[in-house]
Amino acid sequence: MIQFLQANMGTILALLGAALAVGLAGAGSARGVGVAGEAAAGVVAEDPGKFGKVMVLQLLPGTQGIYGLIIGFITLSQTGILGGDGGITIAKGLVYLCACLPIAIAGYFSAIAQGKASAASIGVVAKKPDQFGKAMIFPIMVETYAILALLVSILAISGAANVAF
Amino acid sequence: MDKEFLNDELLDNALLPDELFTSQVAQIRAKENTLLSDQALTQLMQCQTYEECVQFLLDKGWGPAGGNTPEELLRAEKDKVWDLMHQLCSDKEMHMFDIFRFSKDYHNLKAAIKETYMQKEVPNIYMDGGTIPIETIRKAAADGDFSPLPVQMMKAAEEAREILFHTGDSQTCDVIIDRAALLAMNQAGKATGNQLLSDYAELKCVAANINIAIRACKANKSIDFLQHAFAECDSISVQKLMAATRNGLDSIYEYLEQTSYADAIDAIKESPAAFDRWCDNRMMKLIRPQKYNAFTISPLAAYVLAKENEIKSVRIILSGKVNQLPEEKVKERLRDSYV
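Protein sequence lines correspond, in order, to chains A and B. Read in this note's numbering, the first sequence has 81 at position 86, and its numbers run on one by one without any break. Read in this note's numbering, the second sequence has 137 at position 144, and its numbers run on one by one without any break.
Please note that a few of the clues may not be correct.
Lysine-lysine pairs mimicking DSS-like chemistry, simulated, CA-CA at most 27 Å apart [said to hold, decoys possible]: (1) B:73 x A:122; (2) A:123 x B:262; (3) B:73 x B:278; (4) A:122 x B:278; (5) B:71 x A:123; (6) B:183 x A:123.
In case anyone wonders, no lab produced these hints; they're calculated from the structure. Only a predicted model underlies this, so the values are computations on that prediction, with no experimental measurement involved.
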């Protein structure tokens, strides 16, 4: 067992990073899209004609899950877990784990916050459909922080591939 | 806190703070589009006849198409509001709205005690929509056994019944029950843990106390009567208001000047109707921030109150048309709208 861990700890850490990136960002998106979906369903129950507009707002918190998937996929590719031998050092595995954390953490919390902002914006669309453009800006602002986290995660993973450990 | 007047069921069913009511609030946002704005109320007022008013309201989605009398029309609108709330909320969540219905229970209690005292049935004195079935209250009053009622109601009912049956003083009987209703509402409001409902109950209590003070002062009521009538609340001191009531109207104004209800003074000086209007407008001011709240039960509660306020305004306009009152007279009684 100890020998197995010594031989594969790097890969296990990298895999944990990928799992966190996909899992946490995905869970956040699920919650965010869920909250916005509840609001959207409420509006459609009263006015089915607003389906198209509220659906766009509902989808906004779903992007964090996609960002998490991208980081997870890159991590799995670069560490050789996907179609490779998978043998990396513990230090390198730890670096990959750390590289995945920004999108895992920021993705989770920003998706939930964006879901709430989307739900509030859906309320705006329910009352003033002509203000759809402005209403969409508010949840999009939250997206900024998920994109920043995605950027840092990508940079860190790219950097990790070039660093010799 | 003294829990004597708390509704136990309400306490047990207090909502968790993380209940967001996201879908329900969104549905209410869409529903708010159907509320009559100040502009729509002005249009309604400009209708030449009562029939035109009814047609205008029907075009706005009011009432059943066959409902021709003002009462049918207004009743249908009230029923729609509560049907909507039942659709949006579970039975447990509906208990949060009990404070809106307490006054009906206590009104029915007064009616039942007086009916028993008079020993004859009076038609149409009971109000539907309370939290306790009318038959339960009637039976309790007829048997003289109020134990089936909630504790707070039972105590008030026993005291009121005793006074009415021993002295025939129906005014004191009313005062005791009205005070119990206010205390029950105020304490139940706090028990919900919801700021809006708590503030609503507090405002109702304050408005009733000010009303009592003005009327009691004009009628030169005794200190004993005042002690039975005033209901304790947080934002005004009942003791100070009571002392001011004994000293005259100017003392009441002086006391109110020191509170956050100073703007009520002009309305009180104008007329009782102006004070009623002030109370309703103050309530609208209290609930208006809920237009921008996307979560919690508060926007739903605000919608119920906004609709009640709207119904009140429409009632004023319709009765103005039926009784051919001048437009200015009707206008000065109209409430501010929520939207």
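| field | Violated constraints from the hint list, given by number and in increasing order | value | Of the numbered hints given earlier, those the structure breaks are 2, 6, listed in rising order.
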